[in-house]
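Colleague: Sequence:
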Amino acid sequence: MTLRSAAWMRFGAAVLAGVVAAFGQAPYDLPLGLLAALAAVLLIYRAAATPRQAAAIGWGFGFGYFLHGWSWLVSPFMVDPERYAWMAPFAVAGLTGGLALYWALAFYVSRRLSAQVWPLIFVLPAAEMLRGYLFTGFPWGMFSQSLVNHWPGQGLALVGPYGMTLAFVALAVAVVQRARGPMLRQGAVWGARVLGVAALTVPFWEGDPPVTDHMIRMVQPNAAQKDKWDPVKIPEFFDRQLALTAAPPAQGDAAPDLILWSETAIAWPLDLAHGALTYISEAAAGTPVVLGVQRRDDMAYYNSAVVLGPDAEVVQTYDKHHLVPFGEYIPFGDLLGRIGLRGMAAQFGSGFSSGPGADLMDLGPLGQALPLICYEAVFARDVNAAPARPAFLMQFTNDAWFGKGQGPLQHLAQARMRAIEQGLPMARVANTGVSAMIDPWGRITKSLALNEAGFLDAPLPAPRPATPYSRWGEWPFLFITLAGFALVILRRRRNLKFDQRGRQS
1 MTLRSAAWMR
11 FGAAVLAGVV
21 AAFGQAPYDL
31 PLGLLAALAA
41 VLLIYRAAAT
51 PRQAAAIGWG
61 FGFGYFLHGW
71 SWLVSPFMVD
81 PERYAWMAPF
91 AVAGLTGGLA
101 LYWALAFYVS
111 RRLSAQVWPL
121 IFVLPAAEML
131 RGYLFTGFPW
141 GMFSQSLVNH
151 WPGQGLALVG
161 PYGMTLAFVA
171 LAVAVVQRAR
181 GPMLRQGAVW
191 GARVLGVAAL
201 TVPFWEGDPP
211 VTDHMIRMVQ
221 PNAAQKDKWD
231 PVKIPEFFDR
241 QLALTAAPPA
251 QGDAAPDLIL
261 WSETAIAWPL
271 DLAHGALTYI
281 SEAAAGTPVV
291 LGVQRRDDMA
301 YYNSAVVLGP
311 DAEVVQTYDK
321 HHLVPFGEYI
331 PFGDLLGRIG
341 LRGMAAQFGS
351 GFSSGPGADL
361 MDLGPLGQAL
371 PLICYEAVFA
381 RDVNAAPARP
391 AFLMQFTNDA
401 WFGKGQGPLQ
411 HLAQARMRAI
421 EQGLPMARVA
431 NTGVSAMIDP
441 WGRITKSLAL
451 NEAGFLDAPL
461 PAPRPATPYS
471 RWGEWPFLFI
481 TLAGFALVIL
491 RRRRNLKFDQ
501 RGRQS
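Numbering (UniProt numbering), first residue to last: 1 to 505.
Do not rely on the hints blindly, as some may be mistaken.
Claimed, not checked - Listed below are the simulated BS3-like cross-link pairs for lysine-lysine, each with C-alpha atoms no more than 27 Å apart in a straight line:
{"id": "1", "residue 1": "404", "residue 2": "226"}
{"id": "2", "residue 1": "404", "residue 2": "233"}
{"id": "3", "residue 1": "446", "residue 2": "404"}
Hint data in this document are derived by calculation from the structure and do not stem from the laboratory.
Please put together the full structure from these sequences, using the hints given.
Modeller: Structural data, given as structure tokens:
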């Protein structure tokens, strides 16, 4: 076998390992599979002869992982296939291949610093942070996302998503690390392996969460994206939401104190929706309603959520500030708009404008809540950006864009991550599901199934005390990462000195 053919075999094996690694994410939820695949690619990486070969292995692993894990990305292009279907293969391959460059960079830098595997403990999570921040960021599918069902996932409350990604990579390195030296050191390596692997098999559950006296109703109309804006079906979906809003509680349940409708729940912009708001207020019979709506201000259009008072008045407005590139706005939109390209989710105008930032909604006896519209729940930093600690989180989303399984379930997992990180409950209302009440440990206390219409009445869990992550954000992760980089560089300099002495002698 030639050196080139061996390199190609390693690359193909890395792509296959990436495909297998994606089984760690929803709907499969097999973190042990992700760990095994990551350990396998570390062994492949160990055989790379040059930094360029290491980069190719990292890119192949990332490409296989993202391509399998994000196959749901085809779904938005199939909503209006006549206009967008031709883009799907280019967009999916381009996005997955482009984001895999972060992992290629990590593997390249790690091999430049050391021939050993352990520097990836710090370099790969650092690349993941770059993926989550650069060009507005896209941190979907981090390794830590696979942990929400198991005990290690509770570490999100301590060090956040990047810190737990670092811990996951460290466990994979411990799995492949050669146990050498004194018995005590070998025992430590084997102990880390056994405890880490065992923790990934134990589901998290610690009793029933304490609840408040407040009941929240979440309305799930199940309007397919291809039908959502159909003028013939708009009245059907609106009437369905009114009926679900006015429905009596199930026997034994208290009447709701708050009603939530999903993202872009009505078809009319806010300034033309007075009649619709009146019907909603009447159906709610005096109960406050928070609903997603599109609004316009002069020539600017916003994806918003509004608090509707008992007399159909808009009490408060929140404008989404973290928009989806190419979905809600087009980068360089003025230029691309001339050839007819605009955000796929924009119904009015050529795209949405960004709101001023995270803000709280005052919901009276329920306290203040932080609204998150769809994509914003993907970003831990958007939740940490709240001006004060809220009583609970609310997510309004239209996951009809994400297909019928993989995408919505992964989005739900990220909502659960935000609840764990903050130690706060989250009321999550989704057009096509999954609508759910999530407790401060990330557990789903009650939910409506995907692709079903209905309403969900759930008591609001009580919040936990402020978590370390909610207080300190990414600073502990950054400290550990910088310390790790310093250790790698010091070890590299020491090895270079030894090499020089060896040559001189």
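Colleague: Could you tell me which of the hints above the structure violates, numbers in ascending order?
Modeller: As far as the earlier hints go, not one is violated by this structure.
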